[in-house]
Every structure is written in structure tokens, then in C-alpha cells.
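Trainee: Mind docking chain B on chain A? Use the hints.
Residue strings, one per chain:
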Amino acid sequence: MNARAGRFRTFYLSLFFVALYVPVLSVILYSFNESSSTAHWAGFTLNWYRQLFNDRVIAEAFKISIQVAVLTSVLSAIIGTATAIIAMYVTKKMKKAINGIMLLPLLVPEVALGISLLIFFSALKLPFGHLTLVLSHSLFCVPYVYIMVQLRLNDIDFSILEAAKDLGAARWQIIRTIILPLVAPSILTASLLALAISLDDVIISTYMSGAASTTLPVHVFSMMRVGVTPKVNALCTLILVGTFFIVGLGQLINKKANKKEAF
Amino acid sequence: MKKLKQNAPAIPILIWISLLVGMPLMFVVVLSFLSRDSLGNIVFRFTLENYKRIFDPVYLRVFLNSFILAVLTGLITLLIGYPVAYFTTKLQPKKRSFVIMLIILPFWISSLLRTYGWIILLGKTGLINSLLMQLNIVKEPLNMMYRFGTTLVGMAYMLIPFMIIAVYNSVDKLDKSLVEASYDLGASRWKTFLNITLPLTIPGIAGGFTLVFIPSLGMFFVSDLLGGGRTIFLGNLINTLVTRGRNRPLAAAFSVGMIVLVLLVLFIYNRVAKDKGEGLF
Chain A
1 MNARAGRFRT
11 FYLSLFFVAL
21 YVPVLSVILY
31 SFNESSSTAH
41 WAGFTLNWYR
51 QLFNDRVIAE
61 AFKISIQVAV
71 LTSVLSAIIG
81 TATAIIAMYV
91 TKKMKKAING
101 IMLLPLLVPE
111 VALGISLLIF
121 FSALKLPFGH
131 LTLVLSHSLF
141 CVPYVYIMVQ
151 LRLNDIDFSI
161 LEAAKDLGAA
171 RWQIIRTIIL
181 PLVAPSILTA
191 SLLALAISLD
201 DVIISTYMSG
211 AASTTLPVHV
221 FSMMRVGVTP
231 KVNALCTLIL
241 VGTFFIVGLG
251 QLINKKANKK
261 EAF
Chain B
1 MKKLKQNAPA
11 IPILIWISLL
21 VGMPLMFVVV
31 LSFLSRDSLG
41 NIVFRFTLEN
51 YKRIFDPVYL
61 RVFLNSFILA
71 VLTGLITLLI
81 GYPVAYFTTK
91 LQPKKRSFVI
101 MLIILPFWIS
111 SLLRTYGWII
121 LLGKTGLINS
131 LLMQLNIVKE
141 PLNMMYRFGT
151 TLVGMAYMLI
161 PFMIIAVYNS
171 VDKLDKSLVE
181 ASYDLGASRW
191 KTFLNITLPL
201 TIPGIAGGFT
211 LVFIPSLGMF
221 FVSDLLGGGR
231 TIFLGNLINT
241 LVTRGRNRPL
251 AAAFSVGMIV
261 LVLLVLFIYN
271 RVAKDKGEGL
281 F
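The listed protein sequences correspond, in order, to chains A and B. Reading the first sequence from the start, the letters are residues 1 to 263 in the numbering used here. Reading the second sequence from the start, the letters are residues 1 to 281 in the numbering used here.
Bound conformation, chain B alone:
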């Protein structure tokens, strides 16, 4: 009874969140089981049609595209970001805080601007092409826009700070005496990194991967602007279904699919982090 009284002030907060997150998510789930009439209006009739359509090869391909994009984004940000994080921990404190500021600063730069920057660089009349033509390296402008790779570059660029911060925290927390012990026992720098540092920073890697994976599923404006809609990803599909196709039940079913994918990643992450006795969430 005392506990109940102690927790009473928290009730409005719980109501607020459940009203704005819980209820909408429930509505999505319900809507994903409803059908549409010939005019596209929602009819309250239970159907599994929307979920059946998800497993249509065309739509499964979209899921696969998004999954591949998210995994590759995670891998690229890890490969490029890990050394950045690792090297940053080795800097002197003053330099280090400056470098960390440089890593975080892009968060404050509009994500649209950062995507647009790549159009300026990679476009047909973009900076890279005009530079290459002026230097006579190529005669015709290279076709760098509207490819899968363009979207991948943009997505990795957008999300790499998350990966770096997650890995940095993990490397920074590392027990330095273990590394020193390894050196004292005659292990080389590489060997120490592979046998001590890397395994001990796996929770940070898993955390960074999660932080990169989740948003990359939904940032439709990146694939829209850089990929030109050539390869269709989940975010674009859901967006198009709602804004142009007016097929909300199907969009709802895809959203549920996306959330399931996220839950799966979080589940795996929790497993990895719990094994190592720490967690991001």
C-alpha cells in the first residue's frame, strides 16, 4: 500500500506515454488486420490479406533490401568508426575533447543538409565529377547518383557518429591494466588488440550496431534523395503507401513488420550485452 502511494505521482507520466506511444502502436496492429473497400476507405472487416501480401516475393524483396542496407550500414560504420573511436581514446585529454566535439557536431547539422551535401558532391554536374573532368581523368561524368551504393554511403555518413560514440565509451571503460599485462607478457600490439581490446569492446560494438541499424530502416529521405527510388526500401514503401497509395492497412502491416525486425535486433543485442555484463539500455 505504501508502495502504491509512493508510485502515485508516476501515473500521469505512464498515462501520457501509453497514450502517445502505446495506443498508436496498438492502432497500427489493429489496422494491419483491416481491409479496404474499392475506394480505398478502411472497412472494419478482419483480414490476413495485408500480411499475406508482405510475403509476396516483390515485397519480401523490399524487406531484404532494407535488411541488407541496415546490416551493411552497420558494418561500414563499424569498419570506419572503430579506428576513429580507438584512436580518439589514445589522444591527450585536450585534443580528445576537441575530437569528440567534432564527432558529435554533425548531430546538430540538419540531416537533410547532410544528405544534400552528397548530391552536391556526387551529382552529374557535382563537385567530384567537375574536378575529375577538369583534371582530365574522365571524359564523361561518372554516374554516381541513384545507386544502391549512393544510399549506402549517405546512410553510413548519417549514422556513423552513433557507432563511434558507442565504441568510444566501450574502449574508454576498458581496464587498461589488462592491455599492459598483455604487453608485459610479450604480446605484440596487434595480438593485444585482437585478444584483449576487441573481445572486451564487443558490447560497445553491439550497441553501436543497434543504434545504427534501427534508424537506417526508416530514414526514407536518404534513399529517396540519393537512391532516387531505384531500389525500394521499407521506409520508402511505407511512406509511399501512406502519402500516395492511400493504402494505410498495408502500410500498417509493413510498420508492424519493421517493428518486429527492430525487436529482433534489440533481443539479440540484449543477449550479447548481458553475456558481457553490461548494456546500453
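Just chain A, with the same shape it has in the complex:
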């Protein structure tokens, strides 16, 4: 590898990452701008954040988003983990079928999925609100949990399970005392992932929100449609910080678990 090629590589990658992060950084930067226009920088202020905390509608939307995200992550963790463990025991053919079916919600474009759920839930006369939001969000969160837990399950030393079986442990006992503790960190990381995905969803939530249950991203979207204000910047920045906190926590747990691994 000659030096010129190496320099070009560094240059190209740097240019790419500048382009990738400049839009994000400018949103953050201008949330602190005194002027309400992006035309010039008028000085540092926290005013827009203050306004945000006094906004009742945003607080309400935030509350709903958090409630939905927490319920979604618990539900997805249970279903996703159960599916991954069940998939260990079924026939090869069935496992393949489960793998395929799990990808289905991720393959249908979100608008089409949202519309179909809207039509389905209205036909069932389900009230639109928390219930529909949690059901629909868990639909596309479960596959992620499933995949992450499965990755971990593949790492398990099967001789341990065989030994337990030989010593007379029932299947349920093996699952409870060996498998679940081993995959617990993955389940936790995956639930945090589900939490973050649910908190960020716009498209499906647009159709699943009831009149009194607008989620935060749906509200942010309607704010953005009206126009650019630093208040939106401030809100986006806070959401970013919150998400990074959640994801960072997940990574930390994962790292710790991997370090503890002795076998």
C-alpha cells in the first residue's frame, strides 16, 4: 500500500464523515442560538430549552412516548426471547420458517404496514391509543430482540446443556437455570434497543395514535411541517441525548457481560 493511496483513503473517509455529521451538528448548534433565524449567530442562549420545559403539549407527548416505549420494550423482550429459545428446539424446517417470518415486518415498507394495521384495527374496533401503539411497535421491535438473543444463543457451549440433560434436568429447568441467565445481558441490550426504536418511530405512530395519544415524534413532525424554530432544534437535541444515553447504557451492559464470560 503506497502512501498516496493511504492519504486519499483518509481524505475520502474524512470528507464522508463531515458530510454525515454536519447536518446533525448544525441542528444541535443552532438550538443554542439567541436569534430565531439560522441566518446568523446572535449569541449563546438556553432560552429555547426553557420554552420547551414550559410546553404542556410536548410534556404530554413525551409522557405517552415513554409509556409506549417501555411497554413495547417489555413485550418485545418477552416475545423475542421466547421465540429465540423456542427456535432452538423446533425442527430445522420450522426454524427456517420462523427466521423468514421474523423478517416480514421489516420487509414491508412502513407506510404499507401502518395502513394495513390501521385498517385491521379499525375493523376490530380497537380504540386507537396506547394499545395499538404498543402492538404495532412491538411488531417491528421483536425481530431485533429475536436476532440479538439468537446471536448469543449460538455462542452457548452446547455441552453444558447436554450435561444438564444427562444429569436429569427437565427442559424447562435447563431454560430457567442455564439459558436465561446466559442470555440475560443480550435481552437487556435488546430491550434498550427496542426502547430506542419505539421512541423514534414516526410513520407507524402517525396511523396508530389516537386523538389524545400523540407520540413525541409525531408531534415533532407536525412542528417541523410548520417551520424552522430553534425550539424544534432544542427538542431534537434533547431526544438525541436521551437516545444516546439509552444506547450507551446498552453497550455498557453488553461489554461488561462479554468481559465476565469465562468459558
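It should be emphasised that the hints constitute simulated quantities derived from the structure, not laboratory data. In this text the structure is predicted, and so the values were computed from the model without any measurement. Where a beta carbon is used, it is the ideal one built from N, C-alpha and C, also for glycine. Keep in mind that a hint or two might mislead.
Only pairs whose alpha carbons sit at most 27 Å apart, straight line, appear in this in silico DSS-like list of lysine-lysine [to be verified]: (1) B/274 x A/93; (2) A/165 x B/173; (3) B/173 x A/95; (4) A/95 x B/274; (5) B/95 x A/96; (6) B/274 x B/173; (7) A/96 x B/173; (8) B/274 x A/92; (9) A/255 x B/90; (10) B/173 x B/90; (11) A/255 x B/173; (12) B/176 x B/95; (13) A/255 x B/3; (14) B/94 x A/255; (15) B/5 x A/165; (16) B/3 x A/93; (17) B/5 x A/93; (18) A/95 x B/3; (19) B/274 x A/96; (20) B/95 x B/5; (21) A/256 x B/94; (22) A/96 x B/5.
Example chain B residues on the side facing chain A (calculated, C-beta under 7 Å, incomplete) [what the hints assert, rightly or not]: (23) 24; (24) 28; (25) 127.
Mentor: Frame of chain A, contents of chain B only:
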């Protein structure tokens, strides 16, 4: 019989998915064949009217717009993303994992924020315009918002990590001895890339293309915020039909059309990937 017993625990999962994905999709198909009365309420009367309307030139144009947007998004992300993925594989392990983290990180940044960032940059009083005016390069602010190109930029920006990851995995898996053999036989760097690396990473390219193509059909908020609804895309049309037009049967017909388009892409992808003996799905 033993197999049946072995597979029994999977039944609740299959029911859960079919209830939440299969049934709704069936409802969409059924609804797309139903008509509306003068008040906009759904009437249980079979009609092909909705599908006939899809083939109306006005609506066909929407399909075409979406298709062009999706294909161009795929091409742009490929052109920009391939070198990123390729160069990343050449980095030392420590640097490499840092760069990969930088590529994945945007997934954790709200997609609304990332779209909004472009409004801040490209708007009439946006950062780029004020910079250009201050440097006296332009006198009048440039009109960069609400164009087809704006939507394209936003969409490519949103989806490029998918392309990079797909290509990266493919380049990383590549049998390095083939590349070395090519060098040993005296082929230049370019020639090796064109004759060895590129053909061998086609499954990764196809995978990335698929991962970019599918979401770009439906992300209506990008074209809404950046395109300002000037060019109408499938996602926007379906969204408007449901939220404002209250014409659910027509929206259902368009959703079916969108899903057919996705199936077509997946079919092509499977063909390409199977030929090369690997697959993403």
C-alpha cells in the same frame, strides 16, 4: 407425529405474527377491492375501480416518481458508499472499529432530526446560503429547498449506512488470496478491483440496494419536509389519502402496488444473490 410435537411451541409465535402482519395485509387486499359511498364510507361492494385508478396517467406518474427516487437513491448511496466500505476494510483493526461505529451511529439519531438538519443547511436563510452570501459568492439566496434533488439528498443521507454495511460485509468476506494472486500475476490495482473485487461483491451491492430501495418507497416525511410536496411520491400519496382524503380503499390499492414493487425487488435480489451462492435473507 414426533415432528408435530417438537414444533408445537412455535405455534403461538406463528399465530402472533400472522395476526399482526398476515391478517392486516389480507385486510388491505380485501379493502382495495371495495368501494366508497358518496360520504366516503366504505361499502362492501366488489369493484376494480381502485386498481383502474392506479393506471390513470396521473397516478402512474406517482409510481414512476417513487421508482425513480428509489433507484437513484440506491445508485447514489452505492457510488458514495462503496468506496467508504472498501476503504474501511483496509484500515487497521482499531481504526476500523471506530469508523464502523461512526457509520452505525446515525441509526441512533432520530430520522426526523437528520431530515431537519438538511432544512437548517439548505433553507433560504439556512447555513449554506448565509455562508455563500457572507463570502459574497452569491447575492440572492439560492433556492435549494423543495426540489426533487432535495428529497434525493435527504433520502440518500438517511439510508447510506445500510448500503455501506452491506457492501462492507461483502468486501470483508472476500477471499484475499484471489486479490493477491491477481497482483502477483501483474494486474494493476484498478484491474484487480474491476475484475476480482467488484464482481465478487455483487451480492453485497444487491443486498445494499435492496435495503435502501425498500424504505425509500415509504419514508414520506423526508419528501414531505424536504420536497415540500412538489413532486408526489407513493408514500406521500398513501399518507394523504388516509389522513386527509379519507379514501382508504384507494390507499389500500396503492399499498398493494407498493408491496408488489417490494416483492419484485426481493425476487430480483434473490436471483442475484442465489447465483452467487449467498444471501442476506
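Trainee: Taking the hints in turn, state whether each one holds.
Mentor: Hint-by-hint comparison with the structure:
A C-alpha spacing of about 19 Å is found between residue 274 of chain B and residue 93 of chain A, which places the hinted pair at or below 27 Å, so the restraint holds. Annotation: proposed proximity of residue 165 of chain A to residue 173 of chain B is violated, straight-line Cα distance about 37 Å (limit 27 Å). The straight-line distance between the Cα atoms of residue 173 of chain B and residue 95 of chain A is roughly 25 Å, inside the 27 Å bound, and the hint therefore holds. Between residue 95 of chain A and residue 274 of chain B the CA atoms are separated by roughly 20 Å; this keeps the pair inside 27 Å, and the hint holds.
With a CA separation close to 36 Å, the supplied pair residue 95 of chain B and residue 96 of chain A exceeds the 27 Å bound. This hinted pair checks out: residue 274 of chain B and residue 173 of chain B have alpha carbons roughly 16 Å apart, not beyond 27 Å. For the hint pairing residue 96 of chain A with residue 173 of chain B, the CA-to-CA distance comes to about 23 Å; that is within 27 Å, so the pair holds. Simply put, residue 274 of chain B and residue 92 of chain A have alpha-carbon atoms about 20 Å apart, close enough for the 27 Å limit, and the pair holds.
Between residue 255 of chain A and residue 90 of chain B the alpha-carbon distance is near 25 Å, which keeps this suggested pair within the 27 Å criterion. The straight-line distance between the Cα atoms of residue 173 of chain B and residue 90 of chain B is roughly 13 Å, inside the 27 Å bound, and the hint therefore holds. The hinted pair formed by residue 255 of chain A and residue 173 of chain B meets the criterion: a straight-line CA distance of about 25 Å does not exceed 27 Å. The suggested pairing of residue 176 of chain B with residue 95 of chain B holds, with an alpha-carbon distance near 20 Å, which does not exceed 27 Å.
Restraint check for residue 255 of chain A and residue 3 of chain B: not satisfied, since their Cα atoms lie roughly 39 Å apart, outside the 27 Å limit. Pair hint residue 94 of chain B plus residue 255 of chain A holds up; C-alpha atoms about 16 Å apart against a cutoff of 27 Å. Only pairs whose Cα atoms come within 27 Å are accepted, and residue 5 of chain B paired with residue 165 of chain A is accepted, the gap being roughly 19 Å. At most 27 Å may separate the alpha-carbon atoms for a hinted pair to count; residue 3 of chain B and residue 93 of chain A meet this at roughly 10 Å.
In summary, the hint linking residue 5 of chain B to residue 93 of chain A is supported, as the alpha carbons are separated by about 14 Å, within the 27 Å threshold. For the hint linking residue 95 of chain A to residue 3 of chain B, the alpha-carbon distance of about 12 Å falls within 27 Å, and the restraint holds. The hinted pair formed by residue 274 of chain B and residue 96 of chain A meets the criterion: a straight-line CA distance of about 17 Å does not exceed 27 Å. The straight-line distance between the Cα atoms of residue 95 of chain B and residue 5 of chain B is roughly 50 Å, outside the 27 Å bound, and the hint therefore fails.
Note on residue 256 of chain A and residue 94 of chain B: the hinted pairing holds, with a Cα-Cα distance of about 19 Å set against a maximum of 27 Å. Annotation: proposed proximity of residue 96 of chain A to residue 5 of chain B holds, straight-line Cα distance about 17 Å (limit 27 Å). The restraint placing residue 24 of chain B at the interface with chain A holds, with a minimum CB-CB distance near 4 Å, inside the 7 Å limit. About 4 Å separates the beta-carbon of residue 28 of chain B from the nearest beta-carbon of chain A, less than 7 Å, and the hint is met.
Checking residue 127 of chain B against chain A: minimum C-beta separation of about 6 Å stays under 7 Å; hint holds.
Consistency note: the structure conflicts with the earlier hints numbered 2, 5, 13 and 20.
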